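Take the sequences, apply the hints, and build the full model.
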Amino acid sequence: MALLPPFPDFPLLCATLFSLLLCFKLVKLFTVKRRRAGSAPDLPTPPGRLPIIGHLHLLFDKSRSLHEIYGELADKYGPAMMLQLGFRRVLVVSSWEMAKECFTTSDLAFSNRPRNSAAKHLAYDSTMFGFAPYGDYWRQMRNITTVEMLSNRRVESFKQVRESEIGARVNHIDSLWQNNQQRPVKLEARKLLSELTFNTVTRTVAGAGYVVGGSEEDSKARETADCTREMLDLLAAFVVSDFLPLLEFLDINGCIAVMKRVAGNLNALIGRCVAEHRRQKASGFRDGDHDFIDVLLSLVGKDTEADTVVKTTAL
Numbered sequence: 023m024a025l026l027p028p029f030p031d032f033p034l035l036c037a038t039l040f041s042l043l044l045c046f047k048l049v050k051l052f053t054v055k056r057r058r059a060g061s062a063p064d065l066p067t068p069p070g071r072l073p074i075i076g077h078l079h080l081l082f083d084k085s086r087s088l089h090e091i092y093g094e095l096a097d098k099y100g101p102a103m104m105l106q107l108g109f110r111r112v113l114v115v116s117s118w119e120m121a122k123e124c125f126t127t128s129d130l131a132f133s134n135r136p137r138n139s140a141a142k143h144l145a146y147d148s149t150m151f152g153f154a155p156y157g158d159y160w161r162q163m164r165n166i167t168t169v170e171m172l173s174n175r176r177v178e179s180f181k182q183v184r185e186s187e188i189g190a191r192v193n194h195i196d197s198l199w200q201n202n203q204q205r206p207v208k209l210e211a212r213k214l215l216s217e218l219t220f221n222t223v224t225r226t227v228a229g230a231g232y233v234v235g236g237s238e239e240d241s242k243a244r245e246t247a248d249c250t251r252e253m254l255d256l257l258a259a260f261v262v263s264d265f266l267p268l269l270e271f272l273d274i275n276g277c278i279a280v281m282k283r284v285a286g287n288l289n290a291l292i293g294r295c296v297a298e299h300r301r302q303k304a305s306g307f308r309d310g311d312h313d314f315i316d317v318l319l320s321l322v323g324k325d326t327e328a329d330t331v332v333k334t335t336a337l
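The opening position of the sequence shown corresponds to residue 23 in this note's numbering, with each subsequent residue numbered one higher.
Honestly, the hints are just simulated from the structure, not real lab data. Hints may contain errors.
In the BS3-like style, the derived pairs of lysine-lysine whose C-alpha atoms are separated by at most 30 Å in a straight line are [stated by the list, open to error]:
id : residue 1 : residue 2
1  : Lys-142   : Lys-84
2  : Lys-303   : Lys-242
3  : Lys-142   : Lys-282
Bear in mind the structure is a predicted one, so any value in this text is a computation, not a measurement.
In structure tokens:
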């Protein structure tokens, strides 16, 4: 009896594999069409979608800002359209009616946040309140934030901090004017207002000792301000692997490495602050006015997970 050959003929093997792939594709296409039958039609999708990258190439135009590109696409394809950005499907809405529909009528459908590099590396793997997925943890953090941080009673309790910082900025401007022999002085308004905002927020969250600008600035406050600014810039950075996950290990534009460095610096800074609050609380030193970290420490335990919750919520 003749034995079968150990390997099939190569052309026959290729034809067989091609037939199987074609059948699989047809079955999948037929299944998807049946599933979508009777449902609402797909949203308009701009032409020019390319393999793998989708519509990403439409968003790169140095002569226009991103919102201008979206506005031009909305003028052509309507107030709601679907873009394929790499491996992600993105819904773009460009009218207040559509935004209201998304965030009021259909708010639960849009309640989750997409996982991306910023959420992973800067937000403690989506533990930070603004990046946490919708669920029990998110609801608890929202309740703590609204009741303990943003309530009228809490905002009024920090009135002295706001008055103190505004007074310090006014005195700083007056000293510049006096030093210039009472002649007009040029001021960088953006720098002045950013320092005012940073000092007010950090004193509200972490207490005194975090002051930038003027004669009272210290190195710890400046380091915290610089790290915070870097973090905010990175939150808006374009990371290739967010849309093409297979390229994460390459870190093409180097954003992930920078995120890890900034996250490490911020974690060390806020970690020292939390540890100092715990030490002062244990010694009875913080029996007076409480900042937001004091409130958080009174609501959580003393383990490592509790410290992570405090750090992410404070940030």
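Each hint, compared with the structure:
Of the supplied pair hints, the one linking Lys-142 and Lys-84 holds, its CA atoms being roughly 29 Å apart against a limit of 30 Å. Between Lys-303 and Lys-242 the alpha-carbon distance is near 21 Å, which keeps this suggested pair within the 30 Å criterion. For the hint pairing Lys-142 with Lys-282, the CA-to-CA distance comes to about 10 Å; that is within 30 Å, so the pair holds.
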